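Protein sequence lines correspond, in order, to chains A and B.
If you read the first sequence in our numbering, its first letter stands for residue 1, the second for the next number, and so on.
If you read the second sequence in our numbering, its first letter stands for residue 1, the second for the next number, and so on.
Worth flagging that the hints you see were computed from the coordinates, not collected in a lab.
This one's a predicted model, so the numbers in the text were calculated from it and none came from an experiment.
Be aware that one or more of the hints could be misleading.
Just so you know, same-sequence chains aren't split out, so a pair can sit in one copy or run between any two.
Unchecked claim - Listed below are the simulated BS3-like cross-link pairs for lysine-lysine, each with C-alpha atoms no more than 30 Å apart in a straight line:
id: 1; residue 1: Lys181; residue 2: Lys164
id: 2; residue 1: Lys125; residue 2: Lys182
id: 3; residue 1: Lys164; residue 2: Lys320
id: 4; residue 1: Lys234; residue 2: Lys181
id: 5; residue 1: Lys59; residue 2: Lys176
id: 6; residue 1: Lys307; residue 2: Lys59
id: 7; residue 1: Lys83; residue 2: Lys353
id: 8; residue 1: Lys76; residue 2: Lys316
id: 9; residue 1: Lys164; residue 2: Lys212
id: 10; residue 1: Lys353; residue 2: Lys245
id: 11; residue 1: Lys122; residue 2: Lys83
id: 12; residue 1: Lys142; residue 2: Lys59
id: 13; residue 1: Lys59; residue 2: Lys122
id: 14; residue 1: Lys341; residue 2: Lys234
id: 15; residue 1: Lys248; residue 2: Lys122
id: 16; residue 1: Lys80; residue 2: Lys142
id: 17; residue 1: Lys122; residue 2: Lys80
id: 18; residue 1: Lys338; residue 2: Lys245
id: 19; residue 1: Lys132; residue 2: Lys2
id: 20; residue 1: Lys125; residue 2: Lys89
id: 21; residue 1: Lys89; residue 2: Lys176
id: 22; residue 1: Lys355; residue 2: Lys176
Residues per chain are reported as follows:
Number of protein chains: 2
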Amino acid sequence: MKIAILSPPWIAIPPKGYGGIEKVVADLTENLVQMGHQVMLFATGDSRTKANLRYEFEKALGNNLFLKNNIYIYLKHLHKFFKIIRQEKFDIIHNHVGYVAYYFLDLQNIPFIHTLHGAFYKNLKAPSGFIKEKIDTLLRFKHHPYISISNNQRMDFPQLNYIKTIYNGINPDDFKPIIKKKNYLAWIGRITYNKGVDIAIKVAAKAGIPLKIAAFIDKGDLEYFNNKIKPLIKETKTELIGEIKDKKVKNQFLGEAIATLFPIRWHEPFGIVMIESMACGTPVVAFNKGSVPEVIEDKKTGFIVEKEDQMVAALKDISKIDPLYCYQYATTNFSTQKMTKDYLEAYQIVINKFKNNEK
Amino acid sequence: MKIAILSPPWIAIPPKGYGGIEKVVADLTENLVQMGHQVMLFATGDSRTKANLRYEFEKALGNNLFLKNNIYIYLKHLHKFFKIIRQEKFDIIHNHVGYVAYYFLDLQNIPFIHTLHGAFYKNLKAPSGFIKEKIDTLLRFKHHPYISISNNQRMDFPQLNYIKTIYNGINPDDFKPIIKKKNYLAWIGRITYNKGVDIAIKVAAKAGIPLKIAAFIDKGDLEYFNNKIKPLIKETKTELIGEIKDKKVKNQFLGEAIATLFPIRWHEPFGIVMIESMACGTPVVAFNKGSVPEVIEDKKTGFIVEKEDQMVAALKDISKIDPLYCYQYATTNFSTQKMTKDYLEAYQIVINKFKNNEK
């Protein structure tokens, strides 16, 4: 199959640190190439891939919320991509760039599919910008073929033309479970209100277990970090380490923890941190929101709770969780191989529908 | 000829008050229809036209600089337009929307032409947003066919593929020259640093002649107006009247003035106010910038000066200017009929080039 994968210009492929979308793009692309498909990856010039790499921007622009409001960046990136699409024949375009690309995809004749990476439900608090317009876009193009990354992601807009739910995956080769734990809790992710790092700090303090935070701080979130999180970190003597860019370091960081805390405030559409943690043999204690009940097996690979105090309480039972079961569960149900196979099936469904509509 | 005219979504056609671009669009569209061409005008639902009106937005969105930074407005407007373009066959698309549309136009197969309505030279001060990106866009698409609205507009970027300079026009039927003057000077336009309304106030004060300002104030310019202009107006007892929406009222406002002041700080790409003033029989005293020497005949339809003091001095000679000559000069050289004829020639040039490239 000849596949064009459209990635955003913010983070190079594969991502060295933070980058959920880019991780999916990287794994999917390499697996497709390995299976013998002809793949064009449209990303940034500093990406590394076995696919045919094409790009507009030499270097990734950085995951900067302010840049994301500059229309011209999208226009340049997408214009170059669609110039290529007009010159070469592809069987399918797989869009990971998001909503701006929909308007262009709708005006051309190659079958395409969107993966919905974000959260777009109606009462989403503190969205990263243009949420109303993004939802308008989804509804305008509700006939487009969509992949949801959890069933929960569909909640407020079930009327879109969903082809499948395909969970994000990890490569089992990248992880080994760590049985021997050290006395700390882990939190990893982007520092932002919705991810609840402040709740994690409070929970750890109440449980009397040290917390280590591996954080990515976007420029757009800097004010929130300085005003709300920094004082809490100081007060509780929480250990703040930077963004982890090395796979082995991440395996150790997550694997040696007693548990990973996932006290989200929003409906997380997938939450790759949860499967990474389980693949390191570390249970996840999470709030019952978004994809959480689809990703964690309650009482077997972690605990699904409703409130802060329940999270503190759950930590008392954490030793009942089997690290090896966590590893097995994550690598079986959420592997990049399974994800790739599912995407190929989705591509074929879309291509067949497209051919039938053309007739 | 089957012509698609693409207008911005900010102001309905024809404009009731402020709206230089929309005035050109309105006059051109009606003239083309009258000449028997099949014209589709893509604007907003509250527009009035004899052409086939199509639109995305029911109502004009308002000329609001903040709205203009919302990528999704452009995307919706352009998406609907290009859906129509894909369904119906046009000979040419005439783009008045600006730079965002270039990226879409470049990805389709109908001949098109851009009219450059704005100023985009390198040292432009206080531009209205994304000036660097707009210039990037021009250079990226320098092979596109362009209409400049003055020769001066081309100054810093002569390398674009200009087809013609076509001056904006007025409809002679809309104007009559007023010979009998009242004791005041006129200033008309959008309140913004580049238009130099503060200079006009100072000049009038020094000359000892009352000034009347007919102003459009964009929300984005409100701070400038409140901080810089309002105090000056108070101090000098300048008369501030609102935006003039009625043609006859405007004819009277401009026509009864001794002179219209045009003390611009930027290189005005055209400046329709100058020809309107002359068509009302009122000379224009302007700074020698931008299109000014192409539009005013120095010492015959006004005075072209370099500095504030020269503008004060020129007002002493203003009675030497013949109002009827001003009227004649403006309606002969800058009529919408001439403008329409020139555009039709430009369309034909572009269509012929396109056909030759296809062979």
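Violated hints, by number in ascending order, as checked against the structure: The structure breaks hints 1, 2, 3, 5, 6, 8, 9, 10, 14, 15, 19, 20, 21 and 22; every other hint is satisfied.
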